Amino acid sequence: MNRRPAKQLPIEAFRKIEGPEILKKLGEARRTLCMSRIPHGTPDKLVANDIISRIDDMAEMITGDRTHFHIKMQS
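Numbering of the sequence shown is given in the working numbering, commencing with residue 1 and proceeding in unit increments.
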């Protein structure tokens, strides 16, 4: 049985259709990692920080703003 690969969306459609749900899940994961009690300086913390950075990369790809999940200070 030959199965065709799923049709890929253009990036603009991906951002609009799937982006909001992906951002919601990424935000939850990022918050969990940021609030975790992983000891600083450990290999586990380095991995967590790398994942947080990659989540920020994905947020930038979807929204154009790498700081999408960062806490904004009110002026």
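Since the hints were made in silico from the structure, they are not lab data.
Predicted model, so just to flag it, every value in this text is computed and none were measured.
Glycine residues also receive a C-beta, built at the ideal position from the N, C-alpha and C atoms.
Don't take each hint at face value.
[Said to hold, decoys possible] Pairs of lysine to any residue residues, derived as SDA-like cross-links and limited to a Cα-Cα distance of at most 20 Å, are as follows:
1. 25 - 43
2. 45 - 64
3. 24 - 7
[Claimed, not checked] Ranges between beta-carbon positions, derived for each pair:
4. 49 - 22: 16 to 22 Å
5. 63 - 34: 17 to 23 Å
6. 35 - 12: 32 to 38 Å
7. 10 - 60: 34 to 40 Å
8. 42 - 8: 27 to 33 Å
To see whether the hints hold, each was checked on the structure:
1. 25 - 43: 24 Å, violated
2. 45 - 64: 27 Å, violated
3. 24 - 7: With Cα atoms ~24 Å apart, residue 24 and residue 7 exceed 20 Å; violated.
4. 49 - 22: 16 to 22 Å: The hinted range 16 to 22 Å holds for residue 49 and residue 22, with Cβ atoms some 21 Å apart.
5. 63 - 34: 17 to 23 Å: 18 Å, holds
6. 35 - 12: 32 to 38 Å: Since the Cβ atoms of residue 35 and residue 12 sit about 33 Å apart, the hinted range of 32 to 38 Å holds.
7. 10 - 60: 34 to 40 Å: Violated, since residue 10 and residue 60 (Cβ atoms, about 18 Å apart) do not stay within the stated range.
8. 42 - 8: 27 to 33 Å: Between residue 42 and residue 8, where Cβ atoms are some 39 Å apart, the hint is violated.
The earlier numbered hints that this structure contradicts are 1, 2, 3, 7, 8.
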